[in-house]
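K.L.:
Listed below, chain by chain, are the residues.
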Amino acid sequence: MKVRIHVSLKPGVLDPQGRAVHHALEGLGYDGVKDVRIGRQVEMDVADDTGDAALDEMCRRLLANTVIEDYRIEKVGVA
Amino acid sequence: MKSAVITFPGSNCDRDMAVALRQVSGRDPLRVWHGDADLPDGLDFIALPGGFSYGDYLRSGAMAANSPIMRSVAAAAARGVPVLGVCNGFQVLTEAGLLPGALMRNARQTFICRTVELRVENAESRFTRAYEPGETIRIPVAHHDGNYYADQTVLDRLEGEGRVAFRYLDNANGSQRDIAGILNEAGNVLGMMPHPERAVEEAHGGTDGRRLFEGALRELVG
Numbered sequence: 001m002k003v004r005i006h007v008s009l010k011p012g013v014l015d016p017q018g019r020a021v022h023h024a025l026e027g028l029g030y031d032g033v034k035d036v037r038i039g040r041q042v043e044m045d046v047a048d049d050t051g052d053a054a055l056d057e058m059c060r061r062l063l064a065n066t067v068i069e070d071y072r073i074e075k076v077g078v079a
Numbered sequence: 001m002k003s004a005v006i007t008f009p010g011s012n013c014d015r016d017m018a019v020a021l022r023q024v025s026g027r028d029p030l031r032v033w034h035g036d037a038d039l040p041d042g043l044d045f046i047a048l049p050g051g052f053s054y055g056d057y058l059r060s061g062a063m064a065a066n067s068p069i070m071r072s073v074a075a076a077a078a079r080g081v082p083v084l085g086v087c088n089g090f091q092v093l094t095e096a097g098l099l100p101g102a103l104m105r106n107a108r109q110t111f112i113c114r115t116v117e118l119r120v121e122n123a124e125s126r127f128t129r130a131y132e133p134g135e136t137i138r139i140p141v142a143h144h145d146g147n148y149y150a151d152q153t154v155l156d157r158l159e160g161e162g163r164v165a166f167r168y169l170d171n172a173n174g175s176q177r178d179i180a181g182i183l184n185e186a187g188n189v190l191g192m193m194p195h196p197e198r199a200v201e202e203a204h205g206g207t208d209g210r211r212l213f214e215g216a217l218r219e220l221v222g
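One line per chain: the protein sequences are A and B, in this order. In terms of this note's numbering, the first sequence has 51 at position 51, counting the first letter as 1, and numbering is strictly consecutive. In terms of this note's numbering, the second sequence has 62 at position 62, counting the first letter as 1, and numbering is strictly consecutive.
What the hints contain is simulated information worked out from the structure, not anything from laboratory work. Beta carbons are placed, not taken as given, at the ideal position from N, Cα and C, and that holds for glycine. Treat the hints with care, since some could be wrong.
[What the hints assert, rightly or not] Which residues of chain B face chain A? A partial, calculated answer using Cβ under 7 Å:
no. : residue
1   : 23
2   : 59
3   : 102
4   : 107
5   : 149
[To be verified] Here are the computed distance ranges between Cβ atoms for each label pair:
no. : chain 1 : residue 1 : chain 2 : residue 2 : range
6   : A       : 26        : B       : 31        : 19 to 27 Å
7   : B       : 214       : A       : 2         : 33 to 41 Å
8   : A       : 17        : B       : 41        : 42 to 50 Å
9   : A       : 2         : B       : 185       : 21 to 29 Å
10  : B       : 218       : A       : 46        : 48 to 56 Å
11  : A       : 33        : B       : 107       : 30 to 38 Å
Input sequences plus hints: build the corresponding full structure.
P.N.:
See below:
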């Protein structure tokens with residue numbers, strides 16, 4: 001089973017990288033961009049019987065730092 | 001006096017830390033590899049050095065925090081053994097949950113490498129008791145991810161319990177409330193981004209870091 005974990009900074013946590021990219025986009029003339037947040041995507045190929053609880057645990061224990069980050073688990077499909 | 005320096009793949013300040021401990025204690029610390037399951041018996045002091053453990057993959061300190069030896073370090077910390085984490089060691093301590101908060105990318109996105117001024121906020125912990133309260137000291141920093149973050153509740157609690165050990169006078173990395181180093185609740189775990197082991201002899205350009213080791217090891221050195 002393919003799984004994508006989307007990790008993003010929590011709302012309210014300053015994202016200097018996103019802000020720098022926002023400025024760069026403005027520099028390219030894209031005035032309509034209101035905000036940029038940069039996250040991380042972790043793609044995993046896991047056993048088909050991997051349960052939601054196990055995926056959630058992997059996120060909380062390692063893949064995301066829940067002090068500063070949120071995560072979203074997306075099941076892409078069974079191989 | 002029996003101390004240990006833990007080395008992770010990518011640690012690069014472990015030797016400096018070992019030299020500082022030897023200079024102050026007169027004894028060579030034991031060197032412990034991250035993959036070891038157990039710490040040597042009877043340790044009096046544990047140091048997690050700076051560097052880039054696991055190449056800062058995923059997040060700084062995240063992989064190291066889950067390495068086998070950290071379970072033993074957490075158990076030792078719970079027993080009251082003093083644990084000092086410097087720079088990447090601080091990041092490892094937060095990722096391992098031994099200290100609250102997280103170290104994020106520096107606010108200006110740049111690597112900062114220079115000597116900074118710190119104010120000693122708590123001069124009563126075993127790590128800081130050789131300093132004067134409110135004293136300004138000069139210690140080098142070298143990091144990309146030193147921007148301390150915790151939510152307001154945690155920050156208020158740290159302040160209220162006197163657990164902010166050091167604050168930056170000129171906060172270059174964006175840390176909440178200028179925090180450069182914090183203590184755990186019991187006061188036996190200190191994490192800090194500046195490198196005291198790089199300021200223990202005159203050849204380093206300053207010796208303000210030496211007193212941290214002298215204070216921390218006071219009863220242990222015969």
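K.L.:
Next step is simple, just say for each hint if it's right about the structure.
P.N.:
Hints and how they fare:
With a cut of 7 Å, the hint placing residue 23 (chain B) at the interface with chain A is violated, because the nearest CB-to-CB distance is about 35 Å. With 7 Å as the threshold, the beta carbon of residue 59 (chain B) comes within range of chain A, its nearest partner Cβ sitting at about 6 Å, so the hint holds. The beta carbon of residue 102 (chain B) comes within 4 Å of a beta carbon in chain A, closer than 7 Å, and the hint placing it at the interface holds. Restraint check, residue 107 (chain B) versus chain A: the minimum CB separation of about 5 Å is within 7 Å; hint holds.
With a least beta-carbon distance of about 6 Å to chain A, the hint placing residue 149 (chain B) at the interface is held under the 7 Å criterion. With their beta carbons about 50 Å apart, residue 26 (chain A) and residue 31 (chain B) fall outside the hinted range of 19 to 27 Å. A hinted range of 33 to 41 Å for the beta carbons of residue 214 (chain B) and residue 2 (chain A) is inconsistent with their spacing of about 55 Å. Judged by the Cβ atoms, the range 42 to 50 Å given for residue 17 (chain A) and residue 41 (chain B) holds: they are separated by roughly 45 Å.
Checked against the given bound of 21 to 29 Å, the beta carbons of residue 2 (chain A) and residue 185 (chain B), roughly 42 Å apart, lie outside it. Take residue 218 (chain B) and residue 46 (chain A): their Cβ atoms lie about 51 Å apart, and the range 48 to 56 Å holds. As the Cβ distance of residue 33 (chain A) to residue 107 (chain B) is approximately 21 Å, the hint placing it in 30 to 38 Å is violated.
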